[in-house]
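A.B. asks: Residue 137 in our numbering sits at position 137 of the first sequence, with consecutive numbering throughout.
Hints listed in this document are in silico derivations from the structure and should not be mistaken for laboratory results.
Bear in mind that the values here come from a model prediction, so they are computed numbers and not experimental data.
Hints may contain errors.
As the list claims (entries may be wrong) - Simulated crosslink set (DMTMM-like; lysine to aspartate or glutamate; CA at most 20 Å straight-line):
{"hint": "1", "residue 1": "K88", "residue 2": "E29"}
{"hint": "2", "residue 1": "K45", "residue 2": "D100"}
{"hint": "3", "residue 1": "K117", "residue 2": "D140"}
{"hint": "4", "residue 1": "K124", "residue 2": "D140"}
{"hint": "5", "residue 1": "K45", "residue 2": "E70"}
{"hint": "6", "residue 1": "K83", "residue 2": "E29"}
{"hint": "7", "residue 1": "K121", "residue 2": "E152"}
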Amino acid sequence: MAFWLIKSEPGVFSIDDLARAPGRRTQWEGVRNYQARNNLRAMRKGDRCLFYHSNASPSGVAGVAAVLREAYPDPHQFDSKSKYHDPKSDPRDPRWSLVDVKFLRRFPALVSLETIKADPKLAKMVLVNNSRLSVQPVTDSEFRRVLALAGEKD
DNA sequence: GCCAACGTTGGC
DNA sequence: GCCAACGTTGGC
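Given the sequences, and given the hints that come with them, work out the whole structure.
C.D. replies: Have a look at this one:
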């Protein structure tokens, strides 16, 4: 099993929104960055995702989701009314992908970015070193460390 | 709301 | 292929 971190602005879509969604699942739509897209395409069913709240006060990891369905073409790229529309994407070779994720759990308390930055064991996290990447890999030990900081067991 | 960091676009 | 201009992300 692999581990990832996925970002969402809680004002747009929070972990509570995921927990309330039908089937507690959602399409992880709108990724329009190639590195993030490649990470989506590398996800496998059952992989775990840290659900990160960005542009929040404070920002931080709010809980855990799981990959339910592996990457397939993001339908919004072909919808001219969508804000995710990409007129340059060819339907025969779609440029953008998404995965479906499902809610696993919400942490009792957010693991804030400040906490993560202050933790020597998390100094190499992509989050700390490339804060703009919206879908990023997380190592096994980083994942377990964030769970520990959240007061959770594996 | 500001602005640094970063990715993308397009002229040449 | 270089790089300046521009747009976006996201912390603060």
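A.B. asks: Each of the hints needs a verdict: does it hold here or not?
C.D. replies: Each hint, compared with the structure:
| no. | hint | result |
| --- | --- | --- |
| 1 | K88 / E29 | holds (17 Å) |
| 2 | K45 / D100 | holds (9 Å) |
| 3 | K117 / D140 | holds (18 Å) |
| 4 | K124 / D140 | holds (13 Å) |
| 5 | K45 / E70 | holds (6 Å) |
| 6 | K83 / E29 | holds (11 Å) |
| 7 | K121 / E152 | holds (17 Å) |
Of the numbered hints given earlier, the model fails none.
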